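Chains as they are written, first to last, in our numbering: chain R, 483 to 786; chain L, 526 to 1072; chain F, 6 to 135.
Any given hint might turn out to be false.
Here are the simulated SDA-like pairs of lysine to any residue, each with C-alpha atoms no more than 20 angstroms apart in a straight line [said to hold, decoys possible]:
no.: 1; chain 1: F; residue 1: K31; chain 2: R; residue 2: G698
no.: 2; chain 1: L; residue 1: K606; chain 2: L; residue 2: A657
no.: 3; chain 1: L; residue 1: K1033; chain 2: R; residue 2: D661
no.: 4; chain 1: F; residue 1: K31; chain 2: R; residue 2: P520
no.: 5; chain 1: F; residue 1: K31; chain 2: L; residue 2: N964
no.: 6; chain 1: L; residue 1: K1033; chain 2: R; residue 2: P549
no.: 7; chain 1: L; residue 1: K744; chain 2: L; residue 2: A790
no.: 8; chain 1: L; residue 1: K606; chain 2: L; residue 2: G662
no.: 9; chain 1: L; residue 1: K932; chain 2: L; residue 2: I1070
Beta-carbon label-pair distances, calculated as ranges [stated by the list, open to error]:
no.: 10; chain 1: F; residue 1: A123; chain 2: R; residue 2: L665; range: 48 to 54 angstroms
no.: 11; chain 1: R; residue 1: G753; chain 2: L; residue 2: F983; range: 55 to 61 angstroms
no.: 12; chain 1: R; residue 1: L665; chain 2: L; residue 2: Q781; range: 22 to 28 angstroms
no.: 13; chain 1: R; residue 1: L772; chain 2: F; residue 2: E83; range: 50 to 56 angstroms
no.: 14; chain 1: F; residue 1: G108; chain 2: R; residue 2: L665; range: 50 to 56 angstroms
no.: 15; chain 1: R; residue 1: G539; chain 2: F; residue 2: E83; range: 27 to 33 angstroms
no.: 16; chain 1: F; residue 1: G85; chain 2: R; residue 2: H540; range: 24 to 30 angstroms
no.: 17; chain 1: L; residue 1: F983; chain 2: F; residue 2: G85; range: 42 to 48 angstroms
no.: 18; chain 1: R; residue 1: D667; chain 2: L; residue 2: R725; range: 43 to 49 angstroms
no.: 19; chain 1: F; residue 1: A123; chain 2: R; residue 2: P766; range: 45 to 51 angstroms
no.: 20; chain 1: L; residue 1: Y551; chain 2: R; residue 2: G696; range: 53 to 59 angstroms
no.: 21; chain 1: L; residue 1: E544; chain 2: R; residue 2: G539; range: 54 to 60 angstroms
no.: 22; chain 1: R; residue 1: S677; chain 2: L; residue 2: N952; range: 28 to 34 angstroms
If you are wondering where the hints come from, they were derived from the structure by calculation, not from laboratory data. Note that the structure is predicted; figures quoted are calculated from it, not measured. Ideal placement from N, C-alpha and C gives every residue a C-beta, glycine not left out.
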Amino acid sequence: MGRLLTLVERSDEATAEVQRHVDVGAPGACILGITGAPGAGKSTLVGALLRHALGAGHRVAVLAVDPSSPFTRGALLGDRVRMSPGGLPAADVFIRSLATRGQEGGLSHAAQTCAAVLAACGWPWIIVETVGAGQVEVDIAATADITVVVLNPGWGDEIQAHKAGMMEIGDIFVINKADRPGLMDTRRHLELLLSSRGADAPDVSIVETVATGGQGIEALWREVMACKAVLFTRAPSLRRRRRLEHLLGDALDAHVAARMQRLLSSEAGAGAVARLDQGSAHLPELVDELVAAMFQPPDGTKPD
Amino acid sequence: MRQFDQQRWLRKKWETLSEIPLRAHYGPEDIPAEHLARLASPPGQAPFLRGAYPEGFRSKPWRIFQLSGFGKPEDENERIKFLLAHGETGFLMEHDRNTADHLFNVDHPEVQARSADVGLTGAVMQSVRDIAICLDGIPIESTYGHAGGAVVQHAPFALAGYWTVAKRRGLDLTRLAGTGQSDYFLTYLGCVTKQQVPTRAGLRLNVDIMEFCNRHLPKWVPISIAGYNGADTGLNAYQELGSVFANAVEYLDEVQRRGSMEMEAAAKAVGGMNFRCCMDIFEEASKLRAARAMWHQLLTQRYGIRNEKVMNLRIHVVTAGSSMAYQQPLNNIARGTLMGLAAVLGGAQSLGVSGYDEALSVPSEHAHQMSVRIQQILQNETNVCGVVDPLGGSYYVEALTADLIGKGWEFFEEIQQRGGFLECLDNGWLHAKAHQNQNADMDAQASGERTIVGVTDFVEDDAPFEVDGFMGVDDSYQVAIERLEELRRTRDAQAAGIALKQVHAACKGSDNVMPAMMAALEADVSLGEIGDVFREVFGDWDTPITA
Amino acid sequence: MNEQRRILLAKTGLDGHWRGPSVVAKALRDGGFEVIMIGMTTVDEIVQAALDEDVDLVGLSIGGHVEVAERAVLALREAGIERPVFAGGVVPPWARKRLEAQGVEVYPPGSQLPDIVAAARRLTGLSAAQ
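Take the sequences, apply the hints, and build the full model.
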């Protein structure tokens, strides 16, 4: 599995090869996204959740995403330290640390494909922990079946600042480090914002946890299971279509981006830049030309 | 291989290890006016800049105080006796870090997975019986002892064990002198354990110990803040100063909040601290002088304490383990001597010199003996004890001392503004500061700005190793397993069970934990059982570092 | 993208000195590696992490007895992981010899970071220069 994800992470060709052999819809799998600002305690929460789920007999895979340095491409991936399942059966848990490798936002393209591949390979639970690079990542909501947003007490301003994105993507809100001052204020703040979402917005729950001491983890897992039950019973086919649509979109994105990159570094790309430089062409017409060329194989016979 | 290079020497940027720029010479104009006021008081008088006692080492030579421990309790006992026989004037018990720091018994899976590590860094002491073996034949009524318990969560167990042994010998606890440590810098900043109680639970335990000593062991130093561990993790001289006092106010504020003991007594209880001396001799000596003046200033200004007797900071120094090189280890004898000299020039009350094999292993018997000998040479052959504060009045040292006081308070204030010392441990801010300095140090070594003889320069690739490192003993784990089984088999299980429940109740509630801890040790409750209670009641600290 | 190398850094003991491993981790990151830090781990956990993470190189920070590190190397090999291993930490000369006999490169205290990064490049099949 580890080697397979390396291939998926390295190239879209390998991903495509894997996806030719599996049911990408992965009807049995549930992808759980965990997001929230740095320092919220996401890794510790994931670790506690992992131990709880394993203890309850589930098999769980975890993808933990951390940022790559844009300058050196290196990365420090330290989430695994806080997730150590400690003595639980190794066959039931898989943890993979991923670097964003220059992808914008919190969730790398590779993380999305890795999650899909894990799902397709039969992992019933896949927890994806995002970077939390100061902003709420909305793409987690598209990948995950259930999205958990992690906050801390005393985060009134942060909630205010991010309410737009966060309020929409969260299925479950966790106030972690709930033993700290400011819990009730944060809870009230959150409830107020959630209540303003309109009558047709789905119900969301708020769970208080102290992940380091394990408090609230059982309650959180109950909420997760309840969400899953709704998802899997109420509209399983809708959910499957939603996931497939997202995967297709993501695969298209990656494919087009790769073609675009190839084209830009080819003679045609250089030529277009040169014309722009000489003032002999304008951007819009070059875009049209290049888009046409992107889907026109060089030999003009058939698409590759 | 780098050798002496004239050009590099002439380009050298002269600054202290804390990156305080140095001028080629100093004069009277470099000493600020407010510092002259401090300098006006002789040694033994507030603000104690010039020393703790009027007669300095003439009346009280510093205590030769070496960390020692490995193997089985009887191995450690033998080493302590060896050191005392060679002139050590106090002793430090070191508990095995795998078990003690984590409050694990040896049969805990995390320990079993590394059974070969057991006993490598200290003796395994899982019950009062083991502590009694370690102290066997050592006259603790007349020899100043460090009971171990360097780690916050371990201190209640280690102290209660030591005191229980003393009680069983019929000693009067109110007259028992000695020290614990129970220090945050060690495991919340320096060597973070795999599992330990959150910082705020630790504060509660430490203040419980202070109160208990105040009531029952007035001659005991209940806790000792160990800036050493912060400094050896990367904090520079003034950061060490700022953070130890930021730590001290956590204790003093908590005592004030509880109102359970006099502030003067609390000041005395916290006023025995541990600093590091590394290779920048003048900066380190200045740092110790600065520390005494800062402590006085803190107590008078923040807490309104007026009694001079409780404001006299007592300083234990350990020479920097991280300055001891792996390469050409005999060079470390010179380093230990120089760092020890810095401590003596700064007026430390007690001193431990790291073993010359520090970078290779825990000290061998020979390395330990050398550490004692270095101190004896300093004490007896150099005449350095003849005059108090021999550096006092040096333009350079006074300017540097004044600068360190100023920068130390700035760092202290920054910690306060960031929520205080514990908060800065919780959120990793102090770790980041230390890390930044470590990286700068490594970069300076790599670039040639900093020279370490035998390491960065003057390297001998093909030199045979002169020292092979101490190999320890190989039966610590097995014997510890047997003793644990014997403990479980032969103790009064019911009494142990009741005592453990009382510890649990005390931890859950707000009563002082120490009476229940004493009863638990008396009833042969084991280390790991105490740990299980702590883990259940207090949970785990959310460590901000990942390495 | 294909040149991206991944290194696992583990501590074999329960002694949590992080000064050494953290400066090494940062230097390796700055050298362009993805560094997966797993802290204080048992031999089994090291093997599991090396498999899950599919790393190109395993780094062991030794804070205790060399025997634990030796077992880790053996266990990696038994699990079919043939990736190179390098080690640092408090490793006395006698222990160093034992590790080197297992094919482990040892970087004791005092080793310079550029040398460690260069070793990581060499051991993961990258050219010496960055």
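Okay, the hints, checked on the actual structure:
no.	hint	in the structure
1	K31/F x G698/R	35 angstroms, violated
2	K606/L x A657/L	14 angstroms, holds
3	K1033/L x D661/R	15 angstroms, holds
4	K31/F x P520/R	19 angstroms, holds
5	K31/F x N964/L	8 angstroms, holds
6	K1033/L x P549/R	41 angstroms, violated
7	K744/L x A790/L	11 angstroms, holds
8	K606/L x G662/L	9 angstroms, holds
9	K932/L x I1070/L	26 angstroms, violated
10	A123/F x L665/R: 48 to 54 angstroms	50 angstroms, holds
11	G753/R x F983/L: 55 to 61 angstroms	59 angstroms, holds
12	L665/R x Q781/L: 22 to 28 angstroms	26 angstroms, holds
13	L772/R x E83/F: 50 to 56 angstroms	53 angstroms, holds
14	G108/F x L665/R: 50 to 56 angstroms	54 angstroms, holds
15	G539/R x E83/F: 27 to 33 angstroms	28 angstroms, holds
16	G85/F x H540/R: 24 to 30 angstroms	27 angstroms, holds
17	F983/L x G85/F: 42 to 48 angstroms	45 angstroms, holds
18	D667/R x R725/L: 43 to 49 angstroms	20 angstroms, violated
19	A123/F x P766/R: 45 to 51 angstroms	49 angstroms, holds
20	Y551/L x G696/R: 53 to 59 angstroms	58 angstroms, holds
21	E544/L x G539/R: 54 to 60 angstroms	56 angstroms, holds
22	S677/R x N952/L: 28 to 34 angstroms	32 angstroms, holds
In this structure, the hints that do not hold are numbers 1, 6, 9, 18, in rising order.
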